[in-house]
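J.: These are the residues of each chain, in order.
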Amino acid sequence: MQEPFENIQEKERAAALIAKYLRESLSDAEKKELEEWIGAAEWHRAYFQQCIDPANLHQVMVDYHRAADMEEGLRAAIQLKMGRVVAWKTWFSAAAAIIIILSTGVYFWYRGSSHHPGIATRQAQSIPPGRQGAILTLADGRQLTLDSLPNGVVAEQNGSRAAVVDGRLAYQSVTPAATTTTYNTITTPRGRQYQLTLPDGTKVWLNAASRITFPTAFGGAWRKVEISGEAYFEVARDAGRPFKASAGDADIEVLGTSFNINAYDDERAVKATLLDGSVKVSGARSGVLLKPGQQAVINDQLQVKSDINIEQVLAWKNGLFYFNSTDIATVMQQLSRWYDIEVRYEGKVPDIKVSGKMDKGLNLNEILEFLTKMEVKYRLLGRTVVITNN
Amino acid sequence: MGEGDHDAFNEVFSLLYQRITYMVVRLVGDEDDAKDILAEVFIKLWNKRTDFPSLSAMRSFLYISARNRCLDHLKTKKRREASKNSYAYWMDHPEEISSLVVNAELVAQLEQEIQALPAKCREIVQLAYYEGLSSGQIAQRLGISIQTVWNQKTTAMNKLRAAFLRNGMPGVWLAGYLSLLEFLKK
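Those sequence lines, one after another, are chains P and L. Numbered according to my numbering, the first sequence spans residues 1 to 390. Numbered according to my numbering, the second sequence spans residues 1 to 186.
Mixed in with the good hints, there may be bad ones.
What the hints assert, rightly or not - Derived, one-sided and incomplete: chain L residues facing chain P with beta-carbon distance under 7 Å:
hint, residue
1, Leu38
2, Ile43
3, Ser60
4, Glu105
5, Ile144
To be verified - Label-pair ranges, simulated between beta-carbon atoms:
hint, chain 1, residue 1, chain 2, residue 2, range
6, P, Gly319, L, Asn47, 41 to 51 Å
7, P, Arg66, L, Lys75, 19 to 29 Å
8, L, Thr76, P, Arg66, 23 to 33 Å
Derived by calculation from the structure, the hints in this document are not laboratory data. Built from N, CA and C at the ideal position, the CB exists for glycine as well.
Starting from the given sequences, assemble the full structure and let the hints guide the process.
T.: This is the structure we're talking about:
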């Protein structure tokens, strides 16, 4: 006899009755109904016998559980096959982000190719400051621009949901993470900084031209992230799982604390500054325990500086440039990251120290005007600032 | 599900993909082939989304068109006749395909209690029950102490027992079902 497969509702009903049988919560009428179903076909009887055998049922549950591992791949496959027709809310946001990347790309290209000298000068004079924004790279390699996404879920991966809330990205685990670990990366280009919340609740502020790579869910004994550039961390307390931030050769291990790490490739040293709590900083060869207000400077060796001006270290996060007898090269390096400009020196770098605080919301020309008062001489060519000696 | 209703589609997908995936993987045996078939079937659902009066109708559609696609796929693949994941095998044992549907629906029901556990508990239950890890292995995997694992298991047991009691008297359920509680004791 051919089994009428098409009657799905009958199978669903049988499953409901068997579940009730296993829970011993069948009513008399349902008991009768189940008996009738069992008697209706030979395979029903055999199937029922299998179901009430714990070992069989366990195997079925394990197989069913394993099917969940395919969710992410399946969503990706559906998206791929649908091509431009985007079907999910999350995908819709992703598509919107891709359109933003394309349109800003065109915008920059258009502006960059402008040959009109009058317009070029005008634009150069009012180079705007950087703003909030970053690029999120998902585990499957897709990239989303986080500059102007509305609130909402941007990705779901491996049991973890990433959502934009008030211009910040926050991760949250929604289902138990699969055993495999997936990594996301957030990159700020020059002229952007960004704030996010990691899956464990740790808050991270990412300065311009920086990068952080982290798992979408923290499994294992450590919460490990990798960073380059500059970032400020407020680590969520979890005594059972220490937090570890790696930057080049430097490792910072913490239990729950706030610290800033400056690890730009173009700077001579990695600097880790502790605000509160305690951290262990390790260089390539040695390690040291920092106290609040101390800074570890890691290059070939590891040095500890005390009495650090915390306000100055964290100025970037609080929307300020803070210079305190800072040499001009360091000043210009910070400006280049925020205003996305090139800096060149005509002749040798002038020996000028700059002090003062400036709002990062100012246009570049306003900052440069401030610098001229410190006797810095410059010429502006498009997005290149040339520092001269006379 | 209305025209262009992405949220609703997402919801339906989340609700049903696991059971359909379970059946398709068991039918074709290969996860990559299964993924292609499943993607086609869900896209078909999306394209016909205005045709369905109820979730139940969508579920039937998914099971039936997935089964048909699997059989078509196996027919062209021409595996060895004796192989379990072959067209010939399933044509000879249609009732086994039906039993996969009952399996999926049954487990979807039984899973509800586990899904209702607090996240930490659930993670431990799943590692113990589905992956067969011992308490020591779970402690190592999650980077927590074995005492914490034991505590969480006790919490899980109490909560599951309470859930079972709510749904009826514990009998066959506690004695046999899942052997879950046995796993938790290890």
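J.: Does each hint hold? Answer for all of them.
T.: The hints, checked one at a time:
1. Checking L/Leu38 against chain P: minimum C-beta separation of about 6 Å stays under 7 Å; hint holds.
2. Satisfaction of the interface hint for L/Ile43 is found here, the shortest Cβ-Cβ separation to chain P being roughly 6 Å, below the 7 Å cut-off.
3. Taking 7 Å as the C-beta contact cut-off toward chain P, the hint placing L/Ser60 at the interface holds, the least distance being around 4 Å.
4. Checking L/Glu105 against chain P by beta carbon gives a least distance of about 3 Å; that is within 7 Å, so the hint holds.
5. Of the supplied interface hints, the one on L/Ile144 holds, with its beta-carbon coming within about 5 Å of a beta-carbon of chain P, less than 7 Å.
6. For P/Gly319 paired with L/Asn47, a C-beta distance near 49 Å keeps the hint of 41 to 51 Å intact.
7. Judged by the Cβ atoms, the range 19 to 29 Å given for P/Arg66 and L/Lys75 holds: they are separated by roughly 26 Å.
8. A hinted range of 23 to 33 Å holds for the C-beta pair L/Thr76 and P/Arg66, which are about 26 Å apart.
Every hint, counting from the list given before, is met by this structure.
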